[in-house]
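Based on the provided sequences and hints, a complete structural model is requested.
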Amino acid sequence: MTATAAPSGPSQTPAETSPEPPTETAPSARRALLTTTVEDGIAHVQLTRPDKLNGLTLRTLDDLVATARELRADRTLRGVVLSGAGPSFCAGLDFGTVGKDPLGIAKAFAPRPWRGTNTFQEACWAWRRIPVPVVAAVHGHCFGGGLQIALGADFRFTTPDAQWSVLEAKWGLIPDMSGIQSLSQQIGMDHAKRLTMTGEVVSGTEAVRIGLATATSSDPVREAYQLIEQISTRSPDSVAATKRIFERTWGAGARRTFFWERAEQALLLGAKNTAIARKAVAEKVPARYRPRLLR
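Numbering (the working numbering), first residue to last: 27 to 321.
The set of hints was computed from the structure by calculation and includes no laboratory data. One should not assume that every hint holds.
Within a straight-line C-alpha distance of at most 16 Å, the following computed EDC-like cross-link-like pairs (lysine to aspartate or glutamate) qualify [unchecked claim]: (1) K269 to E249; (2) K269 to E287; (3) K219 to D202; (4) K133 to D88; (5) K196 to E226.
Quick look at the structure:
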């Protein structure tokens, strides 16, 4: 959890270059501080509190959890883009607002036994449970809770001058919104310890160099859509199985990984979309897949 910080340094992305949501061709889900627009099977989830650098409130966290749960149930979904409106992706938890609700904090901090996370953690981790590619498009500030949301995505595109920070150290805290788990999977332990102990701010370019981000782009939202379109040329069941097996086995050791390789492949061998993929290859035509079977 991290307090929303005021803009600092010259690397703030101008508001006029902030990502805009795609043209709406289907009804969007509008919640208090975020919007979800689904177009042609791609959901664009955008934090919409630009005047506060998209600082997170308890309501925002609840909305993120609910949105991820709804998207997970959509078998026609091809991908998810996470972005922030205005000059920043997300500058972390807004303590000024959240601190006024100690009872709400206590409730959100309590873990849910059936999923192993509390609300703070689930708002960031839930994107890993969605069986489609989730891509974070980062610009401006990506601090604390915002960074942990980005780490919950499968891929992260960032502007070169975006500001990334595990800012919890500034407040005498640790990244407790699934951040420790995500950092340990994403970057080397030395980098993870340094960023977590110092709270230093690194650029988007540096974030890519150390493995926090996937690649830099002058237009991260466009890059996110292009990657999802590329992945969508493959069987949605194969994509879902790929994401699931990496989530289940990353760092788990060979024996466990071999088990899940066999289990996932057994499901795919009999899947209709696998047959469609093989037929498309044989006929040298684009595949027309059915809605995803795997969840």
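*Which hints, by number, does the structure contradict?*
Hint 1 is the one this structure does not satisfy, whereas the remaining hints hold.
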